Amino acid sequence: MHSGTEVQAPAAGRHQDAVGIDLVDVEKRFGSTVAVSGASLSLPRHGRMSIVGPSGCGKSTILSMICGLTDPTDGVVRVEGATTMKERLARCAWMPQRDLLLPWRDVAGNAALALENHGTSKRAAREQVLDLIDRFGLSGFEKKYPHQLSGGMRQRVSFLRTMAAGKDVLLFDEPFGALDSITRADLQQWLRRTLDEAPRTTVLVTHDVEEALLLGDTVVVMSARPGRIVQQIDVRLPQTESRRELIRHPEFAQLRDELLSLLEVTE
Amino acid sequence: MTVMETMTSTGTDVPTSDADPSSRRRWLGATVKRILPPAGILLVIGILWQMAGDVFGVPDYILPTLSEIWASASENWEDTFSSATVVTLTEVLIGFGVAIVVGVSIALALHLSPVLRTAFMPLLIGSQAVPIVVIAPVLAIIFGYTLMPKVIVVALICFFSIVVNTMHGLASVDPELIKVMRTLDASRWAILRRVEIPAALPSFFTGLRISATYASVGAVFGEFAGSLDGLGYVMIQATSQLQTDMVFVAIFILTFMSISLFVAVSIVERFVCPWARKEDRR
Numbered sequence: 039m040h041s042g043t044e045v046q047a048p049a050a051g052r053h054q055d056a057v058g059i060d061l062v063d064v065e066k067r068f069g070s071t072v073a074v075s076g077a078s079l080s081l082p083r084h085g086r087m088s089i090v091g092p093s094g095c096g097k098s099t100i101l102s103m104i105c106g107l108t109d110p111t112d113g114v115v116r117v118e119g120a121t122t123m124k125e126r127l128a129r130c131a132w133m134p135q136r137d138l139l140l141p142w143r144d145v146a147g148n149a150a151l152a153l154e155n156h157g158t159s160k161r162a163a164r165e166q167v168l169d170l171i172d173r174f175g176l177s178g179f180e181k182k183y184p185h186q187l188s189g190g191m192r193q194r195v196s197f198l199r200t201m202a203a204g205k206d207v208l209l210f211d212e213p214f215g216a217l218d219s220i221t222r223a224d225l226q227q228w229l230r231r232t233l234d235e236a237p238r239t240t241v242l243v244t245h246d247v248e249e250a251l252l253l254g255d256t257v258v259v260m261s262a263r264p265g266r267i268v269q270q271i272d273v274r275l276p277q278t279e280s281r282r283e284l285i286r287h288p289e290f291a292q293l294r295d296e297l298l299s300l301l302e303v304t305e
Numbered sequence: 083m084t085v086m087e088t089m090t091s092t093g094t095d096v097p098t099s100d101a102d103p104s105s106r107r108r109w110l111g112a113t114v115k116r117i118l119p120p121a122g123i124l125l126v127i128g129i130l131w132q133m134a135g136d137v138f139g140v141p142d143y144i145l146p147t148l149s150e151i152w153a154s155a156s157e158n159w160e161d162t163f164s165s166a167t168v169v170t171l172t173e174v175l176i177g178f179g180v181a182i183v184v185g186v187s188i189a190l191a192l193h194l195s196p197v198l199r200t201a202f203m204p205l206l207i208g209s210q211a212v213p214i215v216v217i218a219p220v221l222a223i224i225f226g227y228t229l230m231p232k233v234i235v236v237a238l239i240c241f242f243s244i245v246v247n248t249m250h251g252l253a254s255v256d257p258e259l260i261k262v263m264r265t266l267d268a269s270r271w272a273i274l275r276r277v278e279i280p281a282a283l284p285s286f287f288t289g290l291r292i293s294a295t296y297a298s299v300g301a302v303f304g305e306f307a308g309s310l311d312g313l314g315y316v317m318i319q320a321t322s323q324l325q326t327d328m329v330f331v332a333i334f335i336l337t338f339m340s341i342s343l344f345v346a347v348s349i350v351e352r353f354v355c356p357w358a359r360k361e362d363r364r
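The listed protein sequences derive, respectively, from chains A and B.
Read in order, the letters of the first sequence correspond to residues 39 to 305 in this note's numbering.
Read in order, the letters of the second sequence correspond to residues 83 to 364 in this note's numbering.
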């Protein structure tokens, strides 16, 4: 691995040539209910976007549409140029709030799922994920079953399973929502570092403003009924390893306040 | 490194109860507590039964005492019951096996195809409404006094709960998990093989346990309708000659057979899906 300490500049400036995710005037209706309306956004390749908003604002729906699990009623969703559901699904890995690990598979077996789905034999797939398990700080736990792990570790295995799919686009739907605040802070820090080491295009849905700022270099604020994009804010914060330092930073506080006020208006 | 710190701290609260000797003692205590009450009840019933003949003078052609039944069992074991038990057990096991194969196949087919599901579900439920007692003689006419009609009756009695429970298990998978699997590039077959089938195993075994208790009843029905050997045949012969003790021996053997099958299924289940119990305990 390359040294993780070599801090990278915010992605916004780096990859402007390659578009990762592109939504143009997207609308999604379920019957007569409009879940998402007039949503347009763009994220460069290997950029990190956070979407915040009150519950029911359609942020999870946007994620499903990007992922290729569902199609918009109107508008275009493009993921690295792909527009059909099948092609989008091939480029995206999706991870929901609950870890949804398979209880009959141990840590390595769960992590190896995507590889096995690609046709790798069970044993070879296990071998291949061992390196990733090690990098995720889970070595020694390969043969533990989900019921033997704490909530934070289960979620980490779930991350591992998502990453092992080798997709360029990672979609997280409130991945830390079910965790206690200490575990959550730890995993946020850990995910930041993991993404620094192996950059991917990520979209993170959350209703935690701090989390949105920590993990996104651009934050999209949404309003509910119908789900609309209220504003997109670029996050330019000093590069630092420490989550605590970042949160203490005056600019961070200012951005947090700005986001909170936007969310207040929308509610 | 904060990550490593939480790793070790969470590592310590991993349950290690399986290796703990005090928990084993507790398990032993719990087992004794579970076995004592039913054993006590059985003992009381046994004593009352014996007293019915010995003390209250109930005639033996109505209710033979346990000692008379035991005597009859040992007297007739060699020439009658040993072969009858083998015959009936064979019918039960083959019928049960057929029910598993057919039941699981039907469950998979109906799970995978909504069209088949809507087409065949009424027929499936209807098949359960037809009384087996009526079917058995018809099968005996078609197949004669062979093994076949008994196997069919056992399978008919057993397959339904296997189908219903297996289908329920296959459909019980969290829809979000199916979505996750799709984004992990799983084909329909991969989802079935890696998620739905393992997830369905506990319900499948529930179905098996239910049908295990029916299986011997099915074999006896089959034999009642026409046979030359087997516990059902022995019962019919004994009844007409008022040899009630023989009937009771057959009943006890059949009961033992059902319980053994039930226990065998439970043991296999414990080996095949050990996670199911652990998840429940969480």
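No lab work stands behind these hints: they were computed from the structure.
None of the values given here were measured: they were computed from a predicted structure.
Hints are supplied without guarantee of correctness; some may be wrong.
[Claimed, not checked] Derived lysine to aspartate or glutamate pairs resembling EDC-like cross-links, with alpha carbons at most 20 Å apart:
#, chain 1, residue 1, chain 2, residue 2
1, B, K261, A, E154
2, A, K182, A, D169
3, B, K261, A, D206
4, B, K261, A, E212
5, A, K124, A, D109
6, A, K160, A, D172
7, B, K261, A, E180
8, A, K160, B, E258
9, A, K124, A, D60
10, A, K124, B, E258
11, A, K182, A, E165
12, B, K261, A, E125
13, A, K124, A, D112
14, A, K182, A, D206
15, A, K124, B, D161
16, A, K181, A, D169
17, A, K182, A, D172
18, A, K181, A, E154
**Q.** Proposed proximity, E212/A with K261/B (alpha carbon, max 20 Å)
**A.** holds (16 Å)
Q: For the pair we were handed, K182/A and D172/A, check the Cα-Cα distance against 20 Å.
A: holds (14 Å)
(Q) Would the hint linking K160/A and D172/A be met if the CA-CA limit is 20 Å? (A) Holds, at about 19 Å.
Q.
Hinted pair, alpha-carbon criterion (20 Å max): K181/A, D169/A. Please report holds or violated.
A. holds (14 Å)
Q) Straight-line Cα separation of K261/B and E125/A no greater than 20 Å? A) At roughly 15 Å apart (the allowed maximum being 20 Å), E125/A and K261/B satisfy the hint.
**Q.** Pairwise hint evaluation, E154/A against K261/B, where the allowed Cα distance is 20 Å at most
**A.** holds (17 Å)
Q. Taking 20 Å as the top limit, are the C-alpha atoms of K124/A and D112/A close enough?
A. Distance ~18 Å between K124/A and D112/A Cα, so the pair holds.
Q: For the pair supplied as a hint, K160/A and E258/B, confirm whether the alpha-carbon distance does not exceed 20 Å.
A: violated (24 Å)
Q. Given the hint that K182/A pairs with E165/A, does the C-alpha gap stay at or below 20 Å?
A. holds (16 Å)
(Q) So if I understand the rule, the pair passes when the alpha-carbon distance is 20 Å or less; does K261/B with D206/A pass? (A) holds (18 Å)
Q: Below or equal to 20 Å on CA atoms is what counts here, so check K124/A against E258/B.
A: Distance ~18 Å between K124/A and E258/B Cα, so the pair holds.
Q: Assess, step by step, whether the Cα of K124/A is no farther than 20 Å from the Cα of D161/B, and give holds or violated.
A: violated (70 Å)
Checked against the numbered hints listed earlier, the structure breaks hints 7, 8, 14 and 15; every other hint is satisfied.
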